[in-house]
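Participant: Letter by letter, the chains look like this.
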Amino acid sequence: MKLLVTCKRVPNPEQKLKLAGGKMDLAAASWQMNTFDEYAVETALRLSEKGKGGERSGEIVVVSIGPKEASQQMRGALAMGADRGVLVIAEDAALDADAIARVLGKVVEREKPDAVILGKQTVDGDSNQVGQILAGLLGWPQATFAASIHVAADQKSAVVSREVDAGVEEKRVRLPAVLTVDLRIISKKAVRNEGLVAADAEWDETQRYASLKGIMAAKKKEIKEVTTAELGLTTLVPLMKVLGYDAPPSRKAGVRVGSVEELVAKLHNEAKVI
Amino acid sequence: MAAGTVVVFCEISGAAIRSSSLNAIAAAQALAARQGQGPGQGQGPGQGQGDAQPHAAVVAVVIGSGVGGAAARDVARYVGRVIAYDDPRLGSPLAETYAPLLAAAVKAVGGTALLGTATSTGKDVLPRAAALLGAGMASDIIRVDGPNRFRRPAYAGNVLEDVELASAIVVASVRQTAFPQAAAAATAGVVEPGTVGSVETLGSEILSLQATKSARPELGEAKVVVSGGRGMRAGENFKILEELTDLMGGALGASRAACDAGMVPNDLQVGQTGKVVAPQLYIAVAISGAIQHLAGMKGSKVIVAINKDGDAPIFQVADYGLVTTWETAIPALIAEVKKLKATSG
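Protein sequences appear in the order of chains A and B. Numbered per my numbering, the first sequence spans residues 23 to 296. Numbered per my numbering, the second sequence spans residues 6 to 350.
Next up, chain A with everything else stripped away, as it sits in the complex (with noise of 0.2 angstroms):
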């Protein structure tokens, strides 16, 4: 199988953000690649391999669009063990969701992969559109917020589990299709090529990490830089425009009760919520 997989480079979630008159001060933030592409780029990996450590086959192609330096973060990508990447590159102000589907569907149409894979959702932007949006462009079948993924031996379709508010969801989608993936998907048996593994094969409960050797691999594999003009959109603008930013309103920390008497009584007579 060929597969699209998208990285992202986000500012680590766990520094504090510089906020100052309705902008974002991101100068001095680290970047990191968004977790859920993470998982995208193993599920890719788990969708290639025969077996656990096992001989890989077909290709995974990783796809970002960004400044020239989001190239660190696909180098972790390729560390991990994907093939080559294409960066896009784009000033973030002119990305919104839309901006981003229409050059992963140009992108698409170049590489013509048997799945896009892309993590549900950014944990910056948290907008969790992207996969939708290209799906809808493309006239691609979706299946969002995977849970687990099974691709059919003839690899013409997949069985994709989705966790709904309504319970689990399985959906069957021809490929190729836009598939996005959720927390589980890196759980031990979430993912199996019905090509390549049989039913019992299973994973590590987590994403890999680079290895030493895949680090030094990572070095010489391609990634093609590649402009928008070129991929044939000659004017990008972004539908979504950001005016400015707030704080969220503080919550002041409360109160310590010594016993459990005392917050059943507080929550009673005091907040009168029980």
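Simulated from the structure, these hints should not be mistaken for laboratory data. Certain hints may be false.
Claimed, not checked - Among chain A residues calculated to face chain B with C-beta under 10 angstroms, some are: (1) 24; (2) 111; (3) 155; (4) 185; (5) 209; (6) 266.
As the list claims (entries may be wrong) - No farther apart than 25 angstroms at their CA atoms in a straight line, the calculated lysine to aspartate or glutamate pairs in the DMTMM-like style are these: (7) B:344 to B:332; (8) B:313 to A:284; (9) A:288 to B:205.
Note that CB positions come from ideal geometry on N, CA and C, so glycine has one too.
Starting from the structure of chain A, add chain B where the hints point.
Facilitator: Same frame as chain A, now just chain B:
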């Protein structure tokens, strides 16, 4: 912007409107007002005091199999006009089939906006519909600031973004907890069938839905939420939290750490990547309070934290903090709440 028509995607539960869709209707009404035709700034039919059609600019769309009757009429209690796409081929909520119908509905009524609640279905379907409409979309809006301006959280709720959509049609998913529930109008609206035409599944099919069986209220709608974290150590230890939850008539939640560890199903997850809740009372048990968890519960009215680690960040947002183990606190809490119930009848 010219006076518009706001289309709101309403989900159906049984033969009635899904409760979370009432919040989307309220948001649609707020947007309709901003677009110059709804209550408050009426210029079209529907302005004026005690008018029979107070929500003229809001059109609801329902999609499904067998939804054209009682279910659609239930939705019509809240809006002036309901378009029902009722067809046996639409029994399962497939983004592939629902998104084109939403787009068609927007075009059919000359819509300027499409809204829906950020439920699992809304999150799946709305962006795809936006793509078909060439529309910009704002996810998880918490406030309507103008005909095409919204406020929404980002960065796990650590930042609020004010966004503007530049497209002729705007799409937004609505954070349920940030809007009130729409009230029924004095007069019910009209229901009309939508033209379904060909239904293109693109080969997609829902094979099964393993429904979570629970007598408890939905997490997003419960007045009380009791959540457990990694400190619960094992799934079986959640039983005692369930007892407390049921005693208080609440819903059970969990932190991502507890879900990741496989203690409880992921649909209980409260946080940035799970559900966002804002109950009257949120009880966090053995939850440290990672940023991504706080993003899902910071809007609760009263927060109680029970954790043996007095330095846990959860205490920084808790109204009432109790530093102790859950093994000590929860049985005592159950006993105290029972006592309280007995005395207050």
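Participant: Give me the numbers of the hints this structure contradicts, sorted from smallest to largest.
Facilitator: 1, 2 and 9
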